[in-house]
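Participant: Now for the letters of each chain:
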Amino acid sequence: MSDWWRIFLAVLVWPGLLGGALLGWLFLWITRKIMARLQGRKGPPFYQPFFDFVKLMSKETIVPGGTNRIIFYGLPLVALISVTFALSLIPIPGNPLRSFNGDLILLIYLLEMPALCDILAGFATRSLYAQVGATREAILSLGYNLPFLTALIALAVHAKSSSLREIVAATPSPAIVFVALALLLSVPARLKSNPFSIANAESEIVAGIHTEYNSKPLAIFELVHGLELTALVGLFAVLFLPFAHSLVAALVIYILCALGLIFLTTGLAAATARLKIQNAFSFFWRWGAAAAVLAIVVALIW
Amino acid sequence: MSIQWIDRLSKISRQKSPWVYHVNAGACNGCDIEIGPCFCPRYDAEQMGVLLQGSPKHADILLITGPMTLRTCEAAKDIYAQMPKPKAVVAIGSCPATGNVFAGSPTVLGSVEPSIPVDIYVPGCPPRPQAIMEGIRQAAKLLAEGKTGKKQGISS
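Protein chains in written order, with the numbering used here: chain H, 1 to 302; chain A, 1 to 156.
One thing to keep in mind: the hints can contain errors.
Stated by the list, open to error - Derived pair list, reagent style BS3-like, types lysine-lysine, alpha-carbon separation capped at 25 Å: (1) A:Lys77 to H:Lys160; (2) H:Lys160 to A:Lys147; (3) H:Lys42 to A:Lys147; (4) A:Lys147 to A:Lys77; (5) H:Lys160 to A:Lys141.
Claimed, not checked - Just the calculated beta-carbon pair ranges, DEER-fashion: (6) H:Leu247 to A:Asp7: 31 to 41 Å; (7) A:Arg42 to H:Gly74: 18 to 28 Å; (8) A:Ser105 to H:Ser203: 28 to 38 Å.
For the record, the hints were derived by calculation from the structure and aren't laboratory data.
Since the model is a prediction, treat every value here as computed from it, not as a measurement.
Glycine residues also receive a C-beta, built at the ideal position from the N, C-alpha and C atoms.
Please build the complete structure, drawing on both the sequences and the hints.
Facilitator: Shown next, in the form of structure tokens:
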């Protein structure tokens, strides 16, 4: 296979757009189902996120007055493209793309793009509620990125490489416990789920950042959310679970990791109320930072 | 061929995922209290894919309660105009149909029909949550068939 063909496969089929979207819809459904069961409800059928997406795609799009059309349609597309490329970089089993030196840094940048597009979308649509949401997301991303980025850097320090495949292949060290802790702390904020659902605070600030978004661009933002979930789960499965050489075993491990991570975040979301932005921020810069610094120190010593 | 296939898929999806937005045009809060239980454990409208949305721009179905008043008329029309097509309106309770006990008041316009085209009327004062869910289900069916904008009544 030529390199271009590999990139094409990785970005569009597996683990990129097609596989990522299917898994993302499955994970979104699992999230909603677990939430419903914890609240004593029955919950939606498994095809729900898919039909939500198709329905939104089939509706008329209203571009709010005073908003640039290119920015309005472009931001969700940029978010979609970057999260798809991020997915294709993660060395989950069956990924045809070869790892290269520095792909961890590229992955970090690409994973950051959806949040950045969200913030810009909130400001660009000129709705007061969306602007409040965008401000909150901007502040919160400074919070949750501290443990997230530092933990990934600790892994790179330990493996003495910035290539994902070498990081995965490196012998595990005690630092991995703190790395996992720091990453876990930042996951609910990345997914904007409950104690940290400050940016998209539904009913409090109407619909948050996406207040003015509708139909097709909104559908793409929902898809991006699913892909982000798939990418985070993939990152966890790759970094912390044993590498299986057979494809079936690897897929089972991946799905189990997904279930565990989704159950943790959804359980937390069902059990907690929304934090204030200053509390969430100080949480990340206190406990998140503590876990991340410990991870770096342990990685440097061992 | 493929266009037909996409058409069928979008029809099914409109019926399977009706997102609703709720507006109180001047109700006594009775019908609004009955909408709440639709999304709570006993009735759980999310089984049918119904989600209560915070922004009218995300919604397919407008749930409207209460008679139209002088103060809310413009706001309700504005909210209806903000919803992307195709959209449906479900009028909940007797007030949006006739004005009910508020009819004849100098501050009340009465029925919502002259301002907003209603698709489904759910009768009752207030209607039970089952009836509201039936109204949403029938509105979703109308959305799928592309028949919104014509007056219908539900039998309950």
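Participant: So which hints don't hold here, by number, going up?
Facilitator: Violated hints: 1, 2, 3, 5, 7; rest satisfied.
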